[in-house]
Amino acid sequence: MAAENDLETLSQVEQDFKNLSIIAAKFETECLFSGEADSNNCFLEINAGAGGTESHDWASIMMRMYLRFAERLGFKTEIINIINGEEAGIKSCTIRIIGKRAYGWFKTEAGVHRLVRISPFNAAGKRMTSFASSWVYPEIDDNIAITIEDKDLRIDTFRASGAGGQHVNTTDSAVRITHIPTNTVTQCQSDRSQHKNKAQAMKMLQAKLYELEMQKRTDSVNEQNAAKTDNSWGHQIRSYVLQPYQMVKDLRTDYETSDTKGVLDGDLEEFVSASLAMNAGGKK
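Residue numbers for the sequence shown follow the numbering used here, so the first one is 32 and each next one is one higher.
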């Protein structure tokens, strides 16, 4: 009986130590947050690259990975917009991530992600390479002023597609807003109310324009835009190889792990920490 109690106590101590280690690592990473918007909520946009069903499936896997990552950090999530692929996966989606320091945790995930695996959609079992990109931008609060003039906007309404129920799909409740000077586009179809969708799309537009302005201030707008929009071999930030071996490697920091399952289940803290440390001037 005493031996059983000792084992239970040891198991509890090990679990407590593991929990404390996670808390300590999270605190250490958050000490690297330095941007004025790092404490804000954020929007995460995922777009499938060229390649049809393969890339659509990869974009869907990425969406699940980031939803799990947000859950690990204790954040709430809301899918604002999603366009499904014809056969599988998604063409694109926008997720609102709600929680203190959400932008700080997600901002370094912006870029092109490359997947190498045996294709489940290829009868010959060929190894395929797929690309998808992510773009992260902070939700703007009252402490950050973004001026948008009505004359610079084009607002379109359209019938929502995908999930949402019969009412959503049979009325022009979805809203698309285009900022004409920058050709920045946002859209929302998550609510039955056109008014609420418009308000959410405006929030997303403010966030995108803020991110563009911050890029200009740091004189890296061309490089960052290329990393976020060109879904090609030359602009990837991270490689996920599932076959013939298993490895996830960040090409900016050289941080890598063979725990591909853990990463795709949302275990991204070490990747974020390494990127933040590098940006702060020291490679982890």
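Be careful, since some hints might not be right.
Claimed, not checked - Here are the computed lysine to any residue pairs in the SDA-like style, where the Cα-Cα straight-line distance is at most 25 Å: (1) 131 to 157; (2) 292 to 179; (3) 229 to 184; (4) 292 to 277; (5) 157 to 229; (6) 280 to 82; (7) 227 to 295; (8) 122 to 99; (9) 131 to 230; (10) 234 to 154; (11) 107 to 295; (12) 157 to 99; (13) 107 to 277; (14) 122 to 247; (15) 234 to 216; (16) 227 to 177; (17) 157 to 117; (18) 122 to 285; (19) 122 to 154; (20) 229 to 82.
Don't read these hints as lab results, they were simulated from the structure.
Quickly compare the C-alpha distance for residue 229 and residue 184 to 25 Å and report which way the hint goes.
At roughly 12 Å apart (the allowed maximum being 25 Å), residue 184 and residue 229 satisfy the hint.
Residue 227 and residue 295: Cα distance at most 25 Å?
violated, 33 Å
Q: Could you grab the alpha-carbon distance between residue 157 and residue 99 and see if it respects the 25 Å cut-off?
A: violated, 29 Å
Decide if the proposed pair is consistent with the structure: residue 234 and residue 154, CA atoms, cutoff 25 Å inclusive.
violated, 44 Å
Need the status of pair residue 229, residue 82: alpha-carbon distance at most 25 Å?
The hint is violated at about 32 Å.
Open item on the list: Please verify whether residue 227 and residue 177 have alpha carbons no more than 25 Å apart.
Closed with: Holds. Residue 227 to residue 177 sits at ~20 Å (cutoff 25 Å).
With the threshold set at 25 Å, check whether the alpha-carbon distance from residue 280 to residue 82 stays at or below it. holds, 22 Å
Restraint status (C-alpha distance of residue 131 to residue 230 at most 25 Å) = Between residue 131 and residue 230 the Cα gap is close to 22 Å, so the pair holds against 25 Å.
Exercise. Given the proposed pairing of residue 107 with residue 277, does the C-alpha separation stay at or below 25 Å?
Worked result: With Cα atoms ~30 Å apart, residue 107 and residue 277 exceed 25 Å; violated.
| task | Below or equal to 25 Å on CA atoms is what counts here, so check residue 122 against residue 154. | result | OK: residue 122 and residue 154 at ~22 Å, within 25 Å.
(Q) Tell me if the straight-line CA distance from residue 157 to residue 117 falls inside 25 Å. (A) holds, 21 Å
Q. Residue 157 and residue 229: Cα distance at most 25 Å?
A. Since the Cα atoms of residue 157 and residue 229 sit roughly 44 Å apart, the hinted pair is violated (cutoff 25 Å).
The structure fails hints 1, 2, 5, 7, 10, 12, 13, 14, 18 and 20 (numbered hints given earlier, in ascending order).
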